[in-house]
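Asker: Using the sequences and the accompanying hints, generate a full structural model.
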Amino acid sequence: MPPHKSHNKPVKQAVPHESASKHVTGEAVYVDDILVNRQLLVGRVVYSPHAHARIKSFDLSAARCVPGVHAVLSYKDIPGHNQMGPVVKDEVCLAENEVVCVGQAMFLIAAETEDQAREAERLIRIEYEHLPTILTIDEAIAQNSFLGPSRTMQRGNPDQELQKAQHRIKGELRTGAQEHWYLESQVCLCILGEGREMNVFSSTQHPSETQALIAEVLGIPKNEVVVEIRRMGGAFGGKETQANHTACWTALLCNATRRPVKIRLFRDDDMKMTGKRHRFLSRYEVGFDDEGNLLAATFELNSDGGCAADLSFAILERAMLHADNAYYIPNVSVLARVCKTNLPSNTAFRGFGGPQGMALIEHVIDRVARFLHQDPLEIRHKNFYGIDSRNVTHYGETVEHNRLHIIYEQLVASSEYDERRKAIAAFNNSSEFLKKGMALTPVKFGISFTTTFLNQAGALVNIYKDGTILVNHGGTEMGQGLHTKMQQVAAAEFGVNLDKVKVNATNTSKVPNTSATAASAGADLNGMAVKNAVDTLKSRIAESLAQYWSEQNPDTSTAQHSVHFENDSIVDIEHPARRISFADAMPLMNLRQVSLSATGFYKTPDIGWDKTKGWGKPFHYYAFGMACTEVLVDTLTGHHTILRTDILHDVGDSLNPQIDLGQVEGGYIQGNGWVTTEEIKWDDKGNLLTHSPDTYKIPSVQDIPKDFRVHLLQNVPNPDTIRRSKAVAEPPFMLALSTWLAIKDAVSAVANHAFEPSFSLPATNEVIVLATEDLKKRMRENPPGEAPTQ
Amino acid sequence: MRSSISFVLDGKVVTEDFSKPSVTPTTTVLNYLRSLPTHKGAKEGCAEGDCGACTVVLGELDAGNTIRYKAVDSCLVFLPMIHGKQLITVENLKTEAALHPVQQAMVDTGGSQCGYCTPGIVMSLFALYKNHDHPDRNVIDDALTGNLCRCTGYKPIVEAAARSCIHQGIDSSSNDEIRIAGLLQSIPRHSALIQTSNHTYFQPRTLLEALTLKHQHPKAIIIGGSTDVALRVTKNHEQLRQLLDVSLVDELHTIRNHSESLSIGSGVVLNEVWSAVEADFPALADMFAVFGSLQIRNLATLGGNIGSASPIGDTLSALIPYNARVVLERVSGRREVELDQFVTGYRKTVRKPDELIVEIILPKPKQRSVVKWYKVSKRKDLDISTVSAGFRIDINDTNQIQNAMLVYGGMAERVKRSSSAEAFLQGKPWTRETIEATMPLIDNDFNPISDARGSKEFRRIVARNLLLKFWDDTRKETNGAAA
Ligand SMILES: Cc1cc2nc3c(=O)[nH]c(=O)nc-3n(C[C@H](O)[C@H](O)[C@H](O)COP(=O)(O)OP(=O)(O)OC[C@H]3O[C@@H](n4cnc5c(N)ncnc54)[C@H](O)[C@@H]3O)c2cc1C
Ligand code: FES
Ligand code: FES
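If you read the sequences in order, they're chains A and B.
Taking the numbering used here, I'd label the letters of the first sequence as residues 13 to 802.
Taking the numbering used here, I'd label the letters of the second sequence as residues 9 to 491.
Don't take each hint at face value.
As a list, the in silico DSS-like pairs of lysine-lysine whose alpha-carbon atoms are at most 30 Å apart [claimed, not checked]: (1) B:436 with A:789; (2) B:243 with A:284; (3) B:20 with A:284; (4) A:789 with B:78; (5) A:34 with B:20; (6) A:697 with B:464; (7) B:102 with A:512; (8) A:24 with A:512; (9) A:68 with A:284; (10) A:788 with B:464; (11) B:380 with A:718; (12) A:101 with A:693; (13) A:697 with A:88; (14) B:380 with A:788; (15) B:464 with A:693; (16) B:78 with A:718; (17) B:380 with A:789; (18) B:356 with A:693; (19) A:550 with A:24; (20) A:34 with B:464; (21) A:693 with B:243; (22) A:477 with A:514; (23) A:34 with B:102; (24) B:243 with A:697; (25) A:514 with B:102; (26) B:436 with A:788.
The calculated label-pair distances, taken between Cβ atoms and stated as ranges, are [claimed, not checked]: (27) B:170 with A:585: 44 to 50 Å; (28) A:153 with B:427: 42 to 48 Å; (29) B:72 with A:205: 56 to 62 Å; (30) B:170 with A:206: 52 to 58 Å.
The set of hints was computed from the structure by calculation and includes no laboratory data.
Please read these numbers as outputs of a predicted model, since none were measured by experiment.
Note that beta-carbon positions come from the ideal geometry of N, C-alpha and C, so glycine has one too.
Answerer: Printed below as a string of structure tokens:
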């Protein structure tokens, strides 16, 4: 097999994913692929079939007698705390007296085979008393069922300015839940060490938290628990907190049986048990003038948190912080609440509230445009944050290095927006049932954890005597290419070839107390931490080499600052003959008693955010992008086809254009799923109806744009980040709002844009067909010409 | 009588005699592979044929003893079904010297991110590589529809397919093909009975044997392609105690083209049915284009789709307008039934317990018939119909409807015709006015349900709309063009 092509300029190159050749050969090892000896037991989680009930009694005795079954555990068998809440301690590990959603874990079984575990499950006897349920946001609001207090943000005097505005529109928008559908479901393998030692292989985005929670449920100190993850088979936020659950359950079974145990959730169980993207019910009132300038807005965001807090408040906060998207609104208030319902606790998902906030404002702009009979793009452009003025957000952060205007100009031209807008109108005039639509929408997304202290990262870099380098950092690899970027950063900083650097599996015993790999900040934070460690090593090496060369050349000594690392060598640039290959230098360093292992650390500077006031600078910087999507909709069946998509996205100076383009394309397509075919439905008992890919439809290869043009914005270095790059993972997700609004534009053409279609998100074929029917009805009742756009 | 199975894996014949309790006749090929230390490449993403992470390629000898390669979902295949075949996994593609061209292209284009879907995608690409040279976008899309990827957005994968499938299927394994074909030929092909403590698995070779077994064991579950039956094991965790696998019965695999009709053996897999019907039955071709995925169509049989008698069985609503007939056979004789009369209720048919579906007869359509088929599903591809409709109209020279057949799937407990609408259309002119007057009548014949795929109201509207769409699509092909 050929090694990687030689890459002498490790960064800014489209080098392949560091695991690519392992992925394509099946050699890449995921948690479920780790070879374990024959003592391995299969773990199984018994979960609640009821949305809300009191557990009157349960009997595990028959289940415990099934041959091959080694443990059947209830909450009573938990040696430590029965608690897994990541922020608020409101999530028990195993149900005690009450279950609060379908899918809540109640008992754990470890058996030699899966059949035995299922047999044991059948023999568990439980008596319930049913309790009243709350299953929708509407029910929760009506019954005042909220998780914690509401949050507000305000600038100016929106109520008063709304009264003064020439036009006012009021309404509501529903956005749906979304299932992560990582290809690899939740999985954990635990293997005992000696004494209390617990070695955990968990598909987790947050190994340190997994470690902490396992220590707590087992009642042992954290230094007894090691969590390791080589790679995840996708995560998207779904393994930020909720991987902890599977890990805690596995650890409990391993501890109880004293044998290796693995739990891999069966797909349907994973879908039923784990949280989703929060669905939102948002209400708005917006005031604007004849030209479409937004003057004031009030927003009310209600998210469905499910049965426990999880990350719901941070997600809600990000939704509030993105309710402006790219637009300057002088007077704004945002009121936001997390509803408590009897559904699994909803959780992080790419965008983390941003998509829901942005969907709202983009919907509002679209309505304003239809009301004024203008192209929505003009309204958008008119309201973009300014460069020097009108550039402060509703929470007080100045929009610096604003790329909206340059992206807009380039994309409007390259997408041939104006010509295509005309062609679409002509097509729609001559076609009754097939309609075309188009939308160009922006994304402005804040980068940093809004919980400021989380913006920190650590690294541990080792150099071995053969000159090879092993990088450990706190981030986890879930497909986003973080390890590849870290490999590139380390290689570039050391001036060595990429193949000299290996990035290790993430391991809590190497780099402790890390933050989750989330908020798109993985490369930003860990890249700086790796650089910091590399800098330490380089200065140690440079110091020692400078001494060494000076000892060798007493009359022309080498200064430490002249020692440079380049082309796999270390050289005194003042005396270029003093050159030693990197590999040869390391045994020398060892002889000279130089430590070749160093830690690195980074915390994001200059940010600060007062959550209670809702004011400050929560973000280190913003990432920008825009997409223009054109669709063809069959209004009789609701099927849509994406004819063409043009994307221009800002990643600063890309660390790796191939990986970044992959993130942009993948994010947009995943977003398209959220806005079109991915519909989550529950029945009136709180059972998930769409619990397998049979009924839950993520985009397939045939759903991508027929013509798909994706570019990175060029020549826009980002100040003050690792190699002037920008984060990429989350922002492109929201480019998909262009697809949603393009579909709405096509549907709206049914009534020649005279009426506001009744629309929600996702725009399933059902939503499209019902909206079309409704428009036809309104046209019959209100012939065009007389119709108001309301 | 054979009591074990043999197949080629890693270039060698492997024989499995089911003596260990860990491998049973209903162990799927996926679980079998994952139980081996050296074949962890294939992944389970769903265990129901919807994600393709488990895709492997089966090599089968054709009549001329050449190996044909088919991508299948290994999570849906019971181990005995690969008897006499070559099982090719992602671990088998690269050589010491180089990655396979499809693997190298995936690396070069950035076709993997998390990599979990990748082994399956590579295997779909490998089958594409073997079967097509310079495939166009439709062929590539069809080859990849059964592989979900949550990370990439597919663009680099499509690009990898286009870049790599350019060597007429020749690769480093080509040199070994004759040897492998020899190994496959050496595997005895006679009937098998596999008996374990929990399972009896019959694998007859002839139709007579199959009928005799069905006579003796009327409760045995028939397996055609197992895409339906396997789910009872992988999803419902049922113990299927008695199985009659008819996939090795040659008589069920024939396609005969007569001047007036086409006869298709019940065991022919749907992808082959598609090729056979393309010329004369365009509505069937439209149906196969959106039926499951290539991996599913490489397994699922026509007899199995008809035999499962599902209310959303796509072949049913597409075949009935062509007046298809089902041939049923048992030891004591055979009979023909109109497909329209075959299904009697939710997964109920007129088939007697000891009968097998052996053949489907398709009369070739008359000149004046227009037949079209439509499917409305949440996702256009690899999805089950929310509503499907097969329509046929026969129109005379004066643009009058002589005969109309409107068949709907997803609207009732079985695939069902809209008899009120059909009756109303009789003798009417083929015009928009007629259609608009007919649309409300469809409601009379159905009382659809609301479920995960769509609400009752949506189903009603769409059922009406499809008739309008049919009219819109066909008016140019009929005398009604002026309407
Ligand atoms: C991912 C996926 C996607 C799918 N997509 C579609 C789709 O788009 N449209 C659609 O209609 N279906 C779809 N299906 C359903 C399925 O593929 C079909 O029902 C399939 O045609 C069944 O054929 P089989 O040969 O695999 O049947 P099997 O699973 O082998 O058998 C199915 C049933 O038919 C009976 N049977 C089989 N052969 C005979 C025979 N010769 N005589 C009498 N009875 C027999 C069996 O006993 C059993 O009850 C899909 C299934 C999956 C898993
Ligand atoms: S595991 Fe998903 S198709 Fe087989
Ligand atoms: S690369 Fe992650 S699912 Fe395809």
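Asker: Are the hints correct? Go through all of them and say.
Answerer: Hint-by-hint comparison with the structure:
Only pairs whose Cα atoms come within 30 Å are accepted, and residue 436 (chain B) paired with residue 789 (chain A) is accepted, the gap being roughly 27 Å. Under the criterion of a C-alpha separation no larger than 30 Å, the hint pairing residue 243 (chain B) with residue 284 (chain A) is consistent with the structure, at around 14 Å. Of the pairs offered as hints, the one joining residue 20 (chain B) and residue 284 (chain A) is violated, with about 42 Å between alpha carbons and a cut-off of 30 Å exceeded. Distance restraint check for residue 789 (chain A) and residue 78 (chain B): the Cα-Cα separation of roughly 50 Å exceeds the 30 Å cut-off, and the hinted pair is therefore not satisfied.
As the CA atoms of residue 34 (chain A) and residue 20 (chain B) are separated by approximately 24 Å, the hinted pair is consistent with the 30 Å bound. Between residue 697 (chain A) and residue 464 (chain B) the alpha-carbon distance is near 19 Å, which keeps this suggested pair within the 30 Å criterion. As the CA atoms of residue 102 (chain B) and residue 512 (chain A) are separated by approximately 24 Å, the hinted pair is consistent with the 30 Å bound. Between residue 24 (chain A) and residue 512 (chain A), the direct Cα distance comes to roughly 18 Å. Compliance with the 30 Å bound is thereby established for this hinted pair.
The straight-line distance between the Cα atoms of residue 68 (chain A) and residue 284 (chain A) is roughly 23 Å, inside the 30 Å bound, and the hint therefore holds. In summary, the hint linking residue 788 (chain A) to residue 464 (chain B) is supported, as the alpha carbons are separated by about 20 Å, within the 30 Å threshold. The straight-line distance between the Cα atoms of residue 380 (chain B) and residue 718 (chain A) is roughly 25 Å, inside the 30 Å bound, and the hint therefore holds. Of the pairs offered as hints, the one joining residue 101 (chain A) and residue 693 (chain A) holds, with about 28 Å between alpha carbons and a cut-off of 30 Å not exceeded.
Our distance criterion of 30 Å between C-alpha atoms is met by residue 697 (chain A) and residue 88 (chain A), whose separation comes to about 28 Å. Pair hint residue 380 (chain B) plus residue 788 (chain A) holds up; C-alpha atoms about 26 Å apart against a cutoff of 30 Å. Of the supplied pair hints, the one linking residue 464 (chain B) and residue 693 (chain A) holds, its CA atoms being roughly 15 Å apart against a limit of 30 Å. Taking the CA atoms of residue 78 (chain B) and residue 718 (chain A), the gap is near 27 Å; set against the 30 Å cutoff, the hint holds.
Taken as a hint, the residue 380 (chain B) and residue 789 (chain A) pair is honoured in the structure, with Cα atoms around 29 Å apart against an allowance of 30 Å. For a cut-off of 30 Å, the pair hint linking residue 356 (chain B) to residue 693 (chain A) stands: about 29 Å separates their Cα positions. Only pairs whose Cα atoms come within 30 Å are accepted, and residue 550 (chain A) paired with residue 24 (chain A) is accepted, the gap being roughly 22 Å. Annotation: proposed proximity of residue 34 (chain A) to residue 464 (chain B) is violated, straight-line Cα distance about 48 Å (limit 30 Å).
A distance of roughly 20 Å separates the Cα atoms of residue 693 (chain A) and residue 243 (chain B); the hinted pair therefore holds under the 30 Å criterion. Proposed proximity of residue 477 (chain A) and residue 514 (chain A) is supported: the alpha carbons are some 14 Å apart, at most 30 Å. Restraint check for residue 34 (chain A) and residue 102 (chain B): satisfied, since their Cα atoms lie roughly 11 Å apart, inside the 30 Å limit. For the proposed pair residue 243 (chain B) and residue 697 (chain A), the alpha carbon gap of about 22 Å is at most 30 Å, so the pair holds.
For a cut-off of 30 Å, the pair hint linking residue 514 (chain A) to residue 102 (chain B) stands: about 23 Å separates their Cα positions. Among the hinted pairs, residue 436 (chain B) with residue 788 (chain A) is consistent with the structure: their alpha-carbon atoms are about 26 Å apart, no more than 30 Å. At roughly 47 Å, the beta-carbon separation of residue 170 (chain B) and residue 585 (chain A) lies within the given 44 to 50 Å, and the hint holds. Range check, residue 153 (chain A) to residue 427 (chain B): Cβ separation about 47 Å, and the 42 to 48 Å hint holds.
With their beta carbons about 59 Å apart, residue 72 (chain B) and residue 205 (chain A) fall inside the hinted range of 56 to 62 Å. Range check, residue 170 (chain B) to residue 206 (chain A): about 54 Å between beta-carbon atoms, so the 52 to 58 Å window is met.
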